[in-house]
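Using the sequences provided together with the hints, build the complete structure.
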Amino acid sequence: MATAAAHQTARTHGNAGQEGGIADETYQRVFDATVAADERIEPRDWMPDAYRATLVRQIAQHAHSEIIGMQPEANWITRAPSLRRKAILMAKVQDEAGHGLYLYSAAETLGASREDLLDKLHTGRQKYSSIFNYPTLTWADVGAIGWLVDGAAITNQVPLCRCSYGPYARAMVRVCKEESFHQRQGYELLLALSRGTPEQHAMAQDAVDRWWWPSLMMFGPPDDESAHSAQSMAWKIKRHSNDELRRRFVDICVPQAESLGLTLPDPDLKWNEERGHYDFGPIDWTEFKEVLKGNGPCNEQRITQRKRAHDEGAWVREAAAAYAAKHSPRTEVEQA
Amino acid sequence: MTDTDWPLWEVFVRSRRGLSHTHAGSLHAPDAEFALRNARDLYTRRGEGVSIWVVPSSAITASSPDEKDPFFEPAADKPYRHPTFYEIPEGVKHL
Ligand SMILES: [Fe+2]
Ligand SMILES: [Fe+2]
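Chains as they are written, first to last, in this note's numbering: chain E, 1 to 336; chain W, 337 to 431.
Read the hints as simulated data drawn from the structure, not as lab findings.
Calculated lysine to aspartate or glutamate pairs in the EDC-like style (CA-CA distance at most 20 Å, straight line):
#	chain 1	residue 1	chain 2	residue 2
1	E	Lys326	W	Asp341
2	E	Lys120	E	Glu300
3	E	Lys177	W	Asp377
4	E	Lys86	W	Asp377
5	E	Lys120	W	Asp341
6	E	Lys307	W	Asp341
7	E	Lys127	E	Glu300
8	E	Lys326	W	Glu369
From chain E, some residues computed to sit far from chain W (all C-beta separations above 10 Å):
#	residue
9	Ala53
10	Trp139
11	Gln157
12	His240
13	Asp251
14	Ala257
Ideal Cβ positions, reconstructed from N, Cα and C, are used throughout, including at glycine.
Laid out in structure tokens, this is it:
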């Protein structure tokens with residue numbers, strides 16, 4: 001019996017290399033069989049170092065995206081056009097904070113520490129989704145983000161509910177349940193604008209024009225250039241390729257855009273009877289790479305704001321810790 | 337680890353009366369009271385619960401996955417603990 005919590009043992013348990021090569025081989029076989037049988041790997045199970053590292057990187061990046069993603073939308077909370085829209089937007093942004101927290105917890109089951117993850121975000125050593133480096137210029141952007149950005153996120157996240165790593169899969173189930181409200185409120189918002197005055201309609205169209213291509217880039221580079229894809233598919237972390245998910249998303253969006261009375265900014269977009277999918281134009285990957293490198297319109301602003309929020313909240317964390325130390329002697333503030 | 341790095345808590349939620357508490361996830365909080373409040377905000381934003389337990393993660397004792405086989409073995413060789421082990425003549429009712 002091990003007298004420690006699941007979370008902590010992830011760190012101490014590590015990979016039981018201490019027992020030598022033969023034991024490792026046995027562990028590897030059990031791991032492979034578990035993945036092959038479509039069962040879940042749980043925190044205290046043995047796992048290959050590269051599997052652990054891949055998950056930490058992916059889950060951390062996902063968590064960072066959720067909390068950085070709060071910024072572009074929070075930008076409009078004070079200027080929402082009605083109390084109803086304001087309450088909805090606050091609930092959505094609060095959900096994104098929650099998604100970040102579910103995911104940070106999942107990363108911690110692999111032995112990562114919260115402080116360290118935040119530090120890596122703040123110093124640019126871990127990334128977040130490039131989509132959040134674009135600005136929200138008008139109120140219609142809130143609608144376009146809900147419909148397209150949350151929509152693309154859902155397309156990515158639904159298969160992750162069956163990811164081979166248990167805590168990540170469970171976090172995704174919770175996230176996906178909440179995301180459908182996000183997408184629907186965005187769609188409803190755009191519909192209201194599209195059916196509104198000519199100026200409102202134009203505003204909705206402009207937002208869709210600006211968010212469409214960055215949303216398609218959210219699925220990552222094309223399959224033949226995607227560095228980690230094959231291994232992640234073998235480990236059943238990933239279930240579908242980037243291009244496959246992107247195609248699925250386009251197929252879903254085209255009729256939805258028609259119902260909105262808005263067009264998607266791609267002259268090559270047309271139904272391909274033979275393939276049973278929509279054909280679409282080439283994606284500007286140079287732009288993607290530039291934004292990823294830090295040269296997007298808002299990279300600097302997002303991280304600066306994130307760091308400021310963290311620093312300005314330091315006194316709250318300190319005060320709460322001091323209060324806890326004073327009032328509940330049985331609860332150790334220092335984690336053992 | 338700095339002294340402001342809050343400890344980790346495991347959160348258990350009873351989704352409705354008549355059901356037991358189920359593990360929902362974990363969170364960081366400075367003390368039990370904050371852990372409960374944070375758990376409410378994090379895991380029950382849509383009425384997912386009627387009762388919450390929070391437990392310091394460090395207080396949980398877990399069985400080790402490496403001991404899996406011997407540890408749970410006693411249950412594997414006792415099929416007579418299951419009702420289907422017993423042969424009852426056809427036609428006997430309410431048994
Ligand atoms: Fe989210
Ligand atoms: Fe969302």
